[in-house]
Amino acid sequence: MKTLFGRLVRFRDVNNDILYGEAPAGVNNLVGHNVAVYAGDVPWDLQKTDQRAEIAEVLCPLVDTPIIYGVGLNYKAHIAEGPKAHEPLPPHPVIFTKPPDAINGPFSAVPISPQCADTMDYEGELTLVLGRDCKDITTPADALDAVLGYAVGNDVSCRQWQRPDISGYQHGYSKSFDGFAPFGPVLVSSALLPIDASSGQVDLQLVTRVNGEERQRGRTSNMIFNIVQIITHLSRATTLRRGTVIMTGTPEGVALSMKPQGWVRHGDEVEVSIERLGSIKNKYVFQ
1 MKTLFGRLVR
11 FRDVNNDILY
21 GEAPAGVNNL
31 VGHNVAVYAG
41 DVPWDLQKTD
51 QRAEIAEVLC
61 PLVDTPIIYG
71 VGLNYKAHIA
81 EGPKAHEPLP
91 PHPVIFTKPP
101 DAINGPFSAV
111 PISPQCADTM
121 DYEGELTLVL
131 GRDCKDITTP
141 ADALDAVLGY
151 AVGNDVSCRQ
161 WQRPDISGYQ
171 HGYSKSFDGF
181 APFGPVLVSS
191 ALLPIDASSG
201 QVDLQLVTRV
211 NGEERQRGRT
221 SNMIFNIVQI
231 ITHLSRATTL
241 RRGTVIMTGT
251 PEGVALSMKP
261 QGWVRHGDEV
271 EVSIERLGSI
281 KNKYVFQ
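Numbered per UniProt numbering, the sequence shown spans residues 1 to 287.
Everything labelled a hint here was simulated from the structure, so no lab data went into it. Some clues are possibly wrong.
As a list, the in silico EDC-like pairs of lysine to aspartate or glutamate whose alpha-carbon atoms are at most 16 Å apart [what the hints assert, rightly or not]:
| no. | residue 1 | residue 2 |
| --- | --- | --- |
| 1 | 2 | 45 |
| 2 | 76 | 252 |
| 3 | 281 | 213 |
| 4 | 2 | 142 |
| 5 | 283 | 269 |
| 6 | 76 | 87 |
| 7 | 281 | 269 |
Everything numeric in this text was worked out from a predicted model, so none of it was measured.
Kindly produce the complete structure, drawing on both the sequences and the hints.
In structure tokens form, the structure reads like this:
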């Protein structure tokens, strides 16, 4: 999708106004930077202005979303570290959903209820936002044209609610609590990324750290189902609304599969970085 922006940041300025602006490339900490401001309240309907503003706080790129889709088991190495290691690869993307209130900012705290405290996990993921409604997509061009931009995401997960004896083999609930889908720090236009036009394949390095300790390192080109396949599958007989968020799956290295298991504890900071897109960092705050 052609966009007015290259690297779109939603932020609170020093006057406490919430604005959209054009973020500079190659900057890890946007706070304090003076950026060009766009007029508009939603990222798919913006206009250029002569205004500039100083970033005081980086916010989630979206105010809200109609739905968040997640893709499970989308990296072979992640499958290999889990209980489905010896099963055939899925013939279609494994899909679950997260509700709108799971949305969270790139540097906001993740609230953890007492019912989730013992088995908190992370999943660093390439995340995208749709910029138009679409349904029954059949061509790569139409799939990629629906994408407004790309971001860094963390599919926060509470594994005890994913256990088959508790969940009945449904894992969406374990990922659907308020604030369990932080993403950002910016939306990056596809024009700035090396995306293959026929598949939507993009080769970017993804790294997840907990309190600075590296837990995950992978490349988005290792996804089993690429961006075109994911969007095509999701749109089958289903209207995907503008503002839909899609988290495309995680590589190996989740806390669940570590020996011993490396659960995230109260006050731990989880940082997910993807080259060309930036980094998000969220503190898990147990309530």
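Now for the hints, and whether the structure bears them out:
Our distance criterion of 16 Å between C-alpha atoms is met by residue 2 and residue 45, whose separation comes to about 12 Å. Taking the CA atoms of residue 76 and residue 252, the gap is about 8 Å. The hint holds against a cut of 16 Å. As the CA atoms of residue 281 and residue 213 are separated by approximately 13 Å, the hinted pair is consistent with the 16 Å bound. Between residue 2 and residue 142 the alpha-carbon distance is near 12 Å, which keeps this suggested pair within the 16 Å criterion.
Restraint check for residue 283 and residue 269: the C-alpha separation of about 4 Å stays at or below 16 Å, so the hint holds. For the given pair, residue 76 sits about 11 Å from residue 87 by alpha-carbon distance, which is consistent with the 16 Å threshold. The hinted pair formed by residue 281 and residue 269 meets the criterion: a straight-line CA distance of about 6 Å does not exceed 16 Å.
Hint compliance for this structure: every hint is met.
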